[in-house]
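Q: Residue numbers (the working numbering), protein chains in the order written: chain A, 32 to 285; chain B, -16 to 281.
Honestly, the hints are just simulated from the structure, not real lab data.
All C-beta atoms in this analysis are idealised placements derived from N, C-alpha and C, irrespective of residue type, glycine included.
Don't take every hint at face value.
Stated by the list, open to error - Using 27 Å as the maximum straight-line C-alpha spacing, the simulated DSSO-like pairs for lysine-lysine come out as follows:
1. A/Lys137 <-> B/Lys49
2. A/Lys137 <-> A/Lys219
3. A/Lys249 <-> A/Lys143
4. B/Lys171 <-> A/Lys143
5. A/Lys141 <-> B/Lys91
6. B/Lys49 <-> A/Lys143
7. A/Lys249 <-> A/Lys219
What the hints assert, rightly or not - Among chain B residues calculated to face chain A with C-beta under 8 Å, some are:
8. Asp174
9. Asn176
10. Ala186
11. Lys190
12. Leu192
13. Ile193
14. Ile195
Each chain, letter by letter, is given below.
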Amino acid sequence: MGRLAVRGLSKVYGKRDAPNSITALRDVSFEVPNHQFCAILGHSGCGKTTLLNIAAGFEQPTAGVVLVDDVPIREPGWQNTMIFQDYALFPWMSVYQNIVFGLEMKGWPKHKRNGITHHYIDLVGLEGFADTYPHQLSGGMRQRVAIARALAVEPRLLLMDEPFAALDAQNRSFMQDELVRIWQREPKTVVLVTHSIDEAIKLSDCIAVMTRRPGRVKEFIQVDLPRPRDEDDSAYLKLKRHLRNLIHDETGDR
Amino acid sequence: MQSNHLAPINGPERSVPIDDAQALPASPAAAPLGVRLRMWLFGAVSALPNLIFLAVVILFWQFISKVWLPRIDPQMSVLMPAPTTIAVTAAGMIASGELFYHMIASLKREVFAFLFAATAIPLGIAMGWWRQVYSQVNPIMEILRPIPPLAWIPLSILWFGLGDEQNEFIIFLGMFFPILVNTIVGVKNIDPNLVRAARSLGAPEHKVLIRIVLKGALPQIITGVRIGLGVGWMALVAAELVGASSGLGFLINDARSMLRTDTITVGMLTIGLIGLLIDTAIRVLSRRLLPWSLALGK
């Protein structure tokens, strides 16, 4: 299971009401049903990474709560795993060791770990690279390892912080397709933070569009287009135009 | 001695990403032994021209000691032993075991001192990881660190008397701070996302500390050990000059009283050679043990 509920979430950096305090999030609420893919779309500095950090348990909210299956998230753990923009692979561990790390932390017996790890190495298409080290891999392959590592612990909620931002355009598009393929084989509740409209439409079941700081949910959109999504489809283009207008309103001075 | 405590910070490794198709585990150790040996030989031979100037200097030195100095003042020539004289003396000292005896005495002190100085590693990790430990311990360290190890010699003689303990204490002081400072820097420079990733995968605090923090700081810790052993080796010779009855420092000081400049020179060269060997050994070892740390491999 993995039903996500964000309720009245606010985050203020610095003392509340102090002149130099920064309100990153203000009263953010939305829900993501089990095994749905949700994108959080917004400009940089709109608090979307803060939202993700709270959902991962790295930061504590000033007010409100993030619930997974009605249990509030208070600390990081395998139930709510994060995939980072810079992959954050452990450089001293091989691909296999990186992926098995979480299973060791869960205290699973060795024979079980081995099977699961190889299952995920195969799932992300890294057969034959089990003993390779991260610095020997390309950016796209590193991101595959990061995805496999996060999936291997079977999280209820998978969080992704602009996971493809460091890749070139071609690799990014390819990895987006790969992510959809992997997600369809291993359904998970996913929250992905992005500033790319195309990435949001291409991947998501629902899109939360954020305002500029202090971040609020401006509009919560269900995406009911069939997969794989056709970028030239009229419904796709209509949604894209709508999102662009929403985002465009948020640019410039206020 | 103090200025080189802090080695250049090794940033997280950033290698050039390679295409998916050609991303093969490529390491130089994979080549067969014969090929590696030939490559090494080729490298050695092509480096020979670099030694021309050194050869000229040695020849010039030989000329001064054997021809020029005896002609103007035979008394003076004893102050400048010729390379050939040094070689003969060295051969004699090696054959008699004298050189080996003093070398082992010195190395033993270096090793013992290192065993104690290694406590700087856990202390450095604690200081780098917990802000409270850092702010409490750092003032003490900042007071002690700028005191050159040699300034401790008088007090240490009164504390320990003349002998191994006193020598080892001085060497320990030379090693401790480079290791400590580099360990702290190593811990503080760990990519915070690695720590977050580990926690996000369910790692409890002690596992984060051992498997992420210690491991991530290891290249910088080894750099600290390298610098520490070097500083310790320098401090060792100084300590032995003052208060020892064995060791390379004692050897060269003892030879001075008998005007044996050749013995002094052999001792000096041995000290330099061992320092170089220790440094090279650690570099090779760290490259072997930490192949992922490209920053250290150079």
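Q: Take the hints in turn and mark each one as holding or not.
A: Status of the hints after comparison with the structure:
The suggested pairing of A/Lys137 with B/Lys49 is violated, with an alpha-carbon distance near 76 Å, which exceeds 27 Å. Between A/Lys137 and A/Lys219 the alpha-carbon distance is near 19 Å, which keeps this suggested pair within the 27 Å criterion. Our distance criterion of 27 Å between C-alpha atoms is broken by A/Lys249 and A/Lys143, whose separation comes to about 45 Å. For the hint linking B/Lys171 to A/Lys143, the alpha-carbon distance of about 35 Å lies beyond 27 Å, and the restraint is violated.
For the hint pairing A/Lys141 with B/Lys91, the CA-to-CA distance comes to about 43 Å; that exceeds 27 Å, so the pair is violated. Taking the CA atoms of B/Lys49 and A/Lys143, the gap is near 77 Å; set against the 27 Å cutoff, the hint is violated. Taken as a hint, the A/Lys249 and A/Lys219 pair is honoured in the structure, with Cα atoms around 25 Å apart against an allowance of 27 Å. Look at B/Asp174: its Cβ gets to within about 7 Å of chain A, closer than 8 Å, so that hint holds up.
Interface hint status for B/Asn176: upheld, as the beta-carbon distance to the closest one in chain A is roughly 4 Å, under 8 Å. Interface hint status for B/Ala186: upheld, as the beta-carbon distance to the closest one in chain A is roughly 5 Å, under 8 Å. Nearest Cβ of chain A to the Cβ of B/Lys190: about 6 Å, under the 8 Å cut. The hint holds. A least Cβ separation of about 13 Å between B/Leu192 and chain A goes past the 8 Å threshold, and the interface hint is therefore violated.
At a threshold of 8 Å, the smallest CB-CB gap from B/Ile193 to chain A is about 12 Å, leaving the interface hint violated. Here the hint on B/Ile195 is kept, as its CB sits about 7 Å from the closest CB of chain A, short of 8 Å.
Comparing the model with each numbered hint stated earlier shows that hints 1, 3, 4, 5, 6, 12, 13 do not hold.
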